[in-house]
Amino acid sequence: MKFLLALLLALATLPASAATIVLASTTSVDNAGLLSRILPGFTAKTGIEVRVVAQGTGQALATAARGDADLVLVHDPEAEAEFIAAGHGARRVEIAWNDFVIVGPAADPAHIGGMKDVTAAFRAIAVAAVPFVSRGDKSGTDALEKRIWRETGLQPAGQSWYKEIGGGMGAALNMAAATDAVTLTDRGTWLAFGNRRSLVELLRGDPRLINRYRVIELNPVRHSSAKLAEAHVLAEWLASPEGQAAIAGVTAGGETLFNPGVREIR
Amino acid sequence: MELFLPIVGLSLGVSLASSALAAALGIPLAALLALTRFPGRGVLVVLVNALLGLPPVVVGLVLYLTLSRAGPLGGLFWLFTPLAMVLAQAILATPIIAALAHRALEACWRDFGRTMQAAGASRLRALPHLLRMARRPIATALLAGFGRTVSEVGAVLVVGGNIAGFTRTMTTAIALETSKGNLELAVALGIVLVGISVMISATVLVLTGARR
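Protein chains in written order, with our numbering: chain A, 1 to 266; chain B, 1 to 212.
Only chain A is shown next, with the shape it has when bound in the complex:
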């Protein structure tokens, strides 16, 4: 009994004595395998260990706002702007991008396959009342989906074909696969997803579906107890030529999951 408690104490305290930071990250970069493949190289080079807590963008920002993370990696421009306006975030740098795609059953009952206009596709889904799985969890993907519905002028909430599950991207894809429903997904999670059944990619290429991932360093005034120096090293590395090459090198099924691309957002 005492041995076990001692073991746990050692587990909890030993790694923390080295430089360790908590990265609150959106689920997509973690589930798609990006972080687990690039971070070992970062740790080997800098000695900084990164503990990734993968949450939806909304939850990741809330975790950082409470002071429980040292750096965030998210993908919802509106929520990020609010986070910075509230005084929690300081520097924001885009470090990778890919796109969102609409996936659904190969039979394509709403006939959206090959369409280029995402609002027209959402209207077609609503008109044909094709089952649609919504994340409903304030994640970056959920926020984009709600923005597209606003553009259509339609109110899907409460309709029998619109299922708001309050879960992660994987849960939404599992439900879409099991019920022949349509859903909006980021490309990284989709490419790495192992249970597609009859799901295929139906729509891609609308400029509104570009998916930008950004790291936000915390505001030292509000978050002085965060490990800001180590977090800054990671943010710099992700945007460095070395970090960008590591991001570009991660593939699934022969496709690049995330495209490199650095841009500081002011």
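There could be a bad hint or two in this list.
What follows is a set of in silico ranges between Cβ atoms, one per label pair, in the way DEER data are often shown [stated by the list, open to error]:
#, chain 1, residue 1, chain 2, residue 2, range
1, A, Thr20, B, Thr203, 32 to 40 Å
2, A, Met175, B, Gly190, 17 to 25 Å
3, B, Leu183, A, Gly158, 25 to 33 Å
4, B, Val46, A, Arg222, 42 to 50 Å
5, B, Thr203, A, Ser225, 40 to 48 Å
6, B, Glu184, A, Ile265, 37 to 45 Å
7, B, Pro72, A, Gly47, 29 to 37 Å
8, B, Leu124, A, Ala178, 53 to 61 Å
Listed next, the stretches of chain A that the computed footprint assigns to chain B, with coverage defined by at least 3 CB atoms under 8 Å from CB atoms of chain B [to be verified]:
#, region
9, 62-69
10, 185-196
Everything labelled a hint here was simulated from the structure, so no lab data went into it.
Just so we're clear, the structure is a prediction, and the values are computed from it rather than from any experiment.
All C-beta atoms, glycine included, are put in the ideal place defined by N, C-alpha and C.
Fit chain B to the given chain A structure using the hints.
Just chain B, lined up with the frame of chain A:
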């Protein structure tokens, strides 16, 4: 899944440590409730039994808010560490062990307490004998507590954060692999988890001599 063994090790370590902590709190509480009479005892019995149905995700959330850096115990830096997970699961398992051990000790005390007191034993001196007599139902109470902790996912996910190689347990790994659509791997992990539970139950039952 190169981290398979650490995941199994952490699951066992957290569950056993939290069960041990819950036993250290629950069995004395059970003895107090079974052997003594004091004001508020009835309320406490009702409370302990009501907490059998404590929702793990609520325990996780309350503990998260407590251990968060913005919370009252934020200075401990326990959030997203195995210690927070042990604490969460101990809170869940304590009422189970206390309630079941209370029933066992109560029955023993009813049957043999008079004899023991007549032979000159105080309540405190009678306790080790009672615990030995009730060892089988108490073993069941401990296993019920362990079962709650090793199978639990809601609380450890919230307070542990499911960090790879640090706070990822069998149950949170199963939830993660399911969300990635790796259903075969998730099921395989589930079978290993059940196998470990069976082995631990069998060991405890053999040690306490419940052969039939």
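Status of each hint after checking the structure:
no.: 1; hint: A:Thr20 to B:Thr203: 32 to 40 Å; in the structure: holds (36 Å)
no.: 2; hint: A:Met175 to B:Gly190: 17 to 25 Å; in the structure: holds (20 Å)
no.: 3; hint: B:Leu183 to A:Gly158: 25 to 33 Å; in the structure: holds (31 Å)
no.: 4; hint: B:Val46 to A:Arg222: 42 to 50 Å; in the structure: holds (45 Å)
no.: 5; hint: B:Thr203 to A:Ser225: 40 to 48 Å; in the structure: holds (44 Å)
no.: 6; hint: B:Glu184 to A:Ile265: 37 to 45 Å; in the structure: holds (41 Å)
no.: 7; hint: B:Pro72 to A:Gly47: 29 to 37 Å; in the structure: holds (33 Å)
no.: 8; hint: B:Leu124 to A:Ala178: 53 to 61 Å; in the structure: holds (59 Å)
no.: 9; hint: 62-69; in the structure: holds (count 3)
no.: 10; hint: 185-196; in the structure: holds (count 5)
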